[in-house]
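Participant: Residue numbers (the numbering used here), protein chains in the order written: chain A, 29 to 202; chain B, 5 to 127.
DMTMM-like mimics (lysine to aspartate or glutamate), calculated; alpha carbons at most 25 Å apart, straight line:
#, chain 1, residue 1, chain 2, residue 2
1, A, LYS103, B, GLU113
2, A, LYS103, B, ASP112
3, A, LYS103, B, ASP28
4, A, LYS103, B, GLU117
5, A, LYS103, A, GLU57
6, A, LYS103, B, ASP30
Some but not every residue of chain B turned toward chain A, in silico, with C-beta under 8 Å:
#, residue
7, SER13
8, ARG14
9, ALA15
10, MET16
11, SER18
12, ILE19
13, ARG22
14, ASN58
15, ASP63
16, THR87
17, GLU88
18, SER89
19, GLU90
20, LYS108
21, PRO109
Quick caveat, the hints were computed from the structure, so don't treat them as lab data. Quick caveat, the model's predicted, so the values are computed rather than measured. In this text, a Cβ means the ideal position worked out from N, Cα and C, and glycines have one as well.
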Amino acid sequence: MSSIDELEDARQDLESLLLDVLNSTLGEEAFTTDESLPAGPLATSRLSIHDEAQDTYLGIEIRVGAVLARLLASKMMAAGDPSPDDLLDAVGELGNIVGGNVKTLLYHTARLSLPMADLNSRTGPGDPDDPSTTLRVAASVFGQTAQVVLTPGAPVDGLYWPPSQEDEALEKQP
Amino acid sequence: MLALVVDDSRAMRSILTRLLSGLDFDVAQAGDGAEAMAVLDAGTRPDVILVDWNMPVMDGLTFIKAVRAREDLRDISLMMVTTESEQGQIVRALAAGAHEYVIKPFTDEVIAEKLALLGLGDV
Numbered sequence: 029m030s031s032i033d034e035l036e037d038a039r040q041d042l043e044s045l046l047l048d049v050l051n052s053t054l055g056e057e058a059f060t061t062d063e064s065l066p067a068g069p070l071a072t073s074r075l076s077i078h079d080e081a082q083d084t085y086l087g088i089e090i091r092v093g094a095v096l097a098r099l100l101a102s103k104m105m106a107a108g109d110p111s112p113d114d115l116l117d118a119v120g121e122l123g124n125i126v127g128g129n130v131k132t133l134l135y136h137t138a139r140l141s142l143p144m145a146d147l148n149s150r151t152g153p154g155d156p157d158d159p160s161t162t163l164r165v166a167a168s169v170f171g172q173t174a175q176v177v178l179t180p181g182a183p184v185d186g187l188y189w190p191p192s193q194e195d196e197a198l199e200k201q202p
Numbered sequence: 005m006l007a008l009v010v011d012d013s014r015a016m017r018s019i020l021t022r023l024l025s026g027l028d029f030d031v032a033q034a035g036d037g038a039e040a041m042a043v044l045d046a047g048t049r050p051d052v053i054l055v056d057w058n059m060p061v062m063d064g065l066t067f068i069k070a071v072r073a074r075e076d077l078r079d080i081s082l083m084m085v086t087t088e089s090e091q092g093q094i095v096r097a098l099a100a101g102a103h104e105y106v107i108k109p110f111t112d113e114v115i116a117e118k119l120a121l122l123g124l125g126d127v
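Looking at chain B on its own, in the form it has when it is part of the complex (with noise of 0.2 Å):
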């Protein structure tokens, strides 16, 4: 399986890229969403993208609108990882076409247990 990482936090990154690893992912990473854009317009197609909300040059959910008007990018899951916390702001994830929301600081564990909502794992 493949997920794709997109945070302008390199620590963060990093952070994802162990724990996705360990769950016997390979991962692609990106700074932001015009640079994961450029990933999946190379043809890479992960299973799954987890995507922080505020980045530059293009934030997490322009990315995930972006991601979801693409006929050809429609079986990826896209899983929103972020400090946006308000019950608004999960909304317009969730509407925007986000299958899973995360806040920042999460665990290994709930991690996991989203990736088994979407199919890719076990808890």
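Just chain A, same shape as in the assembly (with noise of 0.2 Å):
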């Protein structure tokens, strides 16, 4: 699972995907939307696939405003005023959610990466994404947009690897 088209005919899966992790995550109904990001910084988690067998990465970064970070981190952290800290974590264990069932819906045999979150990215002005690199999915709760773009070959510096089936055979080796 390497190319946008192969990404694109995972589409619907993919929105649906993201609808059941809102909906389970905040406990509201989500539902799919084009609706663009609000202005202002966003805030992102990104992770990364790394399918084994092709030896291909799939980049997945998950972006939400202020205000849906905010109601994010108020639902699943029961805090009334969540800091920054929070923010943070709640983004990336969302996007944790996110890309471990990508994983399971788009490979076989692949490793997911830790999350790795920010308060403070942005993409730019317009439609930074595009589209003959990247997929992008959007989904709306609370009003507020969610979107998740996956974009194969996407860097992973920076990004932290549990470790693999590999590496613990090599453990085990004398």
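Quick one: dock chain against chain with the hints and give me the complex.
Facilitator: And the structure:
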């Protein structure tokens, strides 16, 4: 699963996945949307999936605006006034849940990185995602937009990878 | 009853702690497998440990193997709570010694049902 065409074939499943995760996490019904993200800084969670059979990487980025990030953290942490650390953690975990389910949807054997969250991300004005290199799905919940952007071959710098089966096999060697 | 929640996400620990408290559990927390082993080494003996898979320092699968390798911890029930949902991964976790397996996102009812299957509370 490394081309945009292949990802496009899975678009409906990816949209359903995002709706399910938002429904479960926020306890509120989410809807597919074409709405853009709000102006201002974005909270993002970046991960990557390593397809070990093909040795390819799929970048995953979850993007939400400041309002939805606060709602998410308030709900997950049961905190009336979540701190920036709470927001980072909540958005990171949202990315982890989305990423894990994307991995199961698209791959047979693959590894998921840990999420890297950022509260001051901005992808730039307008529509910066090139549809020839990225697939983007979006959902609306509480009137706020959440996006998932998948980018085959996205850089993996700075991401942490948990041990793999291969690592375990190496550990067992004399 | 005492539960130990092991997850590198404070948000997920918070969700599970509230859920378990509502089921009359006292709850201890740890941020990774190594931290959880330190809790156990200090003498804490939970009835059940809910553990994530992908964590820094010591991942959940390694933690489960470490717990299962210790005679003094054999009575503790282990529940993997993770986004890892490939069949092969589930089999690995169960083979390593996990008693139950829950895929994120989960509902409160699923956790309660799994605990009931372990003899820890009613559905």
